[in-house]
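Below are the chains, spelled out letter by letter.
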Amino acid sequence: MRKIDTKQIEEVIYRMALDAGVSLTASCKAAMHAAAEREREGAAKFALNALCENFELAEREKMPVCQDTGMAIVMMRIGQEACLEGAPLKEAVDSAVRRAYGDGYFRKSVCDPVTRVNTGDNTPAVLHTEITEGDRIYITYMPKGFGSENMSRVYMLKPAQGVEGIIDAIVETVKIAGSRPCPPVICGVGIGGTFDTCTYLAKKALTRDIGTHSEREDIAEIERRALEKINALGIGCQGFHGDVTALGVNCEWAPTHIAGLPVAINIQCHCMRCRKEVL
Amino acid sequence: MKQLNLPLTSKEIKELHAGDSVLLNGVILTARDCAHKRIKELLERGEELPFELKDAYIYYAGPCPAKPGMASGSCGPTTSARMDSFAPDLLNRGLGGMIGKGAMSDEVRRAVKDNGKIYFAAIGGAGALYAQAIKKSRCIAFADLLSEGVYRLEVENFPAVVAFDCYGESIY
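As given, the protein sequences belong to chains A and B, one line each in that order.
Just so we're aligned: the first sequence equals residues 1 to 279 in our numbering.
Just so we're aligned: the second sequence equals residues 280 to 451 in our numbering.
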């Protein structure tokens, strides 16, 4: 048994959260520069260039890239040979988020769903845990903004709709979202499982680097075909019309029921701020 | 790029067309979901607003806290469509215009046209760039809403694109 104090986990998540708020992932920065390069002249290219300037400025000045510093999403895979000690894990995670959002001058965007009263410190975080083999702890941290989260959708397709149905669902989601989620977007897609697991898979898919593909060739083909169709929509950066509406489509899958084909599409704006650490 | 001082004259508004890139200078007021709900309730009860609505420009935004030495934290626009149900009435009551991101409804587009006003799109996601354009910031209403309160911002060289013009045209 390997003993790990949750205080150590708190410190790691605190640093991940502080860093994530002010800088995009390397793959997102590269994809945005490439998009600015290849977009035609016009308002969309102007906006892409401004966004590249923005994330460079934010990283240099340690300022939030976007004022929507999001809800804190923490995904942990905990090896079953690891033994956690100290404060309850949930408290350690929330404490990390509370401190990072205060010290980083991040916006506190979490509120009661009915009264709309702000919790004041951006807690609670959304914590997902999975038990895995070994004694390591794998931590993925991602602040999730809601301009894009609001544009996400779940489809309970019929098995007969198959691959074409999946691609149509992804493209339709981006089309309906239009200019609202700050395109260019990234689509995290969960295929299969149940009503709830497909949404979790969709969020997990977002944490994969832009430009990478599923290890399954048939699913990688869905990613490529969906991306091509999305970029043919012509929505463009900010909805200003152009060739770059999405930077990537990432799919994760799980076995499902013989009667169903759940598909969830979690939309992420170009502000991808994911971090990964192993303890 | 075209420099504009707020509030705009009707002559200046007539010279602007959907798709034009501009730099805004002057005073804008932030307001988003919760602030709009309160503004609506005050107006419905016939009470006075804590700020002058006439010729004001509402920026759909909720800033990050300012770091020491800065006027504002990151402050890009939020999705305007969530304010679709509020905008026409405010325009009819004399609002100068709105600044946000993304398309708004056809009803809003018509209200912009009918009142000879304007809707600007700021660049969503460019929070740090917009913080640099903000020279002064002060919360003037609904401070209990934290970032959702109404902040009076003095801006210089604030980049925006004309989204809905006074002719009913849209960039989207």
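Think of the hints as simulated: they come from the structure by calculation, not from any bench.
Please note that the accuracy of each hint is not assured.
If you want a taste of the chain A side facing chain B, the calculated C-beta under 7 Å gives, among others [to be verified]:
(1) 18
(2) 47
(3) 52
(4) 58
(5) 60
(6) 63
(7) 106
(8) 110
(9) 113
(10) 116
(11) 179
(12) 239
(13) 269
Far from chain B by the CB rule (all over 12 Å, computed), these chain A residues [as the list claims (entries may be wrong)]:
(14) 3
(15) 27
(16) 43
(17) 50
(18) 53
(19) 57
(20) 62
(21) 80
(22) 154
(23) 162
(24) 172
(25) 180
(26) 194
(27) 243
Computed list of lysine-lysine pairs in BS3-like fashion (alpha-carbon distance at most 27 Å, straight line) [stated by the list, open to error]:
(28) 62/A to 415/B
(29) 415/B to 108/A
(30) 346/B to 108/A
(31) 290/B to 346/B
(32) 108/A to 316/B
(33) 158/A to 29/A
(34) 333/B to 319/B
(35) 392/B to 293/B
(36) 29/A to 276/A
(37) 346/B to 281/B
(38) 346/B to 62/A
(39) 392/B to 316/B
(40) 158/A to 175/A
Don't be surprised by glycine CBs; every beta carbon is placed ideally from N, CA and C.
List, from low to high, the hint numbers that the structure doesn't satisfy.
Numbers 1, 3, 5, 8, 9, 16, 17, 18, 19, 20, 25, 31, 33 and 37, in rising order.
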